[in-house]
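J.: Let's have the full structure, built from the sequences with the hints guiding it.
Protein chains: 2
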Amino acid sequence: QARAPRSRCLCADKGVNMVSPKLIEKVDIIPPTPSCGNLEIVVTLKNGAEPKCLSPDSKFTQKYLMKALEKRTLQK
Amino acid sequence: QARAPRSRCLCADKGVNMVSPKLIEKVDIIPPTPSCGNLEIVVTLKNGAEPKCLSPDSKFTQKYLMKALEKRTLQK
Chain D
24 QARAPRSRCL
34 CADKGVNMVS
44 PKLIEKVDII
54 PPTPSCGNLE
64 IVVTLKNGAE
74 PKCLSPDSKF
84 TQKYLMKALE
94 KRTLQK
Chain X
24 QARAPRSRCL
34 CADKGVNMVS
44 PKLIEKVDII
54 PPTPSCGNLE
64 IVVTLKNGAE
74 PKCLSPDSKF
84 TQKYLMKALE
94 KRTLQK
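In order, the protein sequence lines correspond to chains D and X. Sequential numbering from 24 applies to the first sequence in the numbering used here. Sequential numbering from 24 applies to the second sequence in the numbering used here.
Don't read these hints as lab results, they were simulated from the structure. It is possible that part of the hints are untrue.
Said to hold, decoys possible - Calculated pairs, BS3-like style, for lysine-lysine (alpha carbon to alpha carbon, straight line, at most 30 Å):
(1) X:Lys75 x X:Lys86
(2) D:Lys37 x D:Lys90
(3) X:Lys49 x D:Lys82
(4) X:Lys82 x D:Lys75
As the list claims (entries may be wrong) - Some chain X residues judged to face chain D by a derived CB distance under 7 Å, without partners named:
(5) Leu46
(6) Lys49
(7) Asp51
(8) Gly71
(9) Gln85
(10) Ala91
Glycine is no exception: its CB is placed at the ideal position from the N, C-alpha and C atoms.
T.: Structure follows, in structure tokens:
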């Protein structure tokens, strides 16, 4: 996703609705700022692929974040 | 927070229970990995202060993330 032309948002659009959790290395949540009025979620992927914008609206995003907080540690 | 000595976690401890939302520039959520079995949440602050580890257990963290997803855009 190229940088959005007009505003200074990182994401040119809302982003994908889901990403394979196994591929997620890191999730960046960037609150709205004066220069970019949208909350942006940028996912860094393990396979070195281009980071992806993840839609804050999607059920996957909400479920993934809540599950991450609940699970917290790696099941041994 | 210095890097944890033994494991390769970023956070030496669970982190703080809350951070002033106005100071939050970015929230990094790092799922557990083989080298660090904990979910880690690292908050980058606007005032250029040292990034802080935020406790995934705290009510503030859960509420902040949910509100961020719900609010999504800057109220004009």
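J.: Confirm or reject each hint.
T.: Hint check results:
1. X:Lys75 x X:Lys86: 18 Å, holds
2. D:Lys37 x D:Lys90: With Cα atoms ~22 Å apart, Lys37 (chain D) and Lys90 (chain D) stay inside 30 Å; holds.
3. X:Lys49 x D:Lys82: 21 Å, holds
4. X:Lys82 x D:Lys75: 28 Å, holds
5. Leu46: 10 Å, violated
6. Lys49: At 5 Å from the nearest chain D Cβ, Lys49 (chain X) passes the 7 Å test, so the hint holds.
7. Asp51: Cβ of Asp51 (chain X) sits 6 Å from chain D, so the hint holds.
8. Gly71: 15 Å, violated
9. Gln85: 6 Å, holds
10. Ala91: Holds: closest Cβ of chain D sits about 6 Å from Ala91 (chain X), inside 7 Å.
Hint violations for this structure: numbers 5, 8, all remaining hints satisfied.
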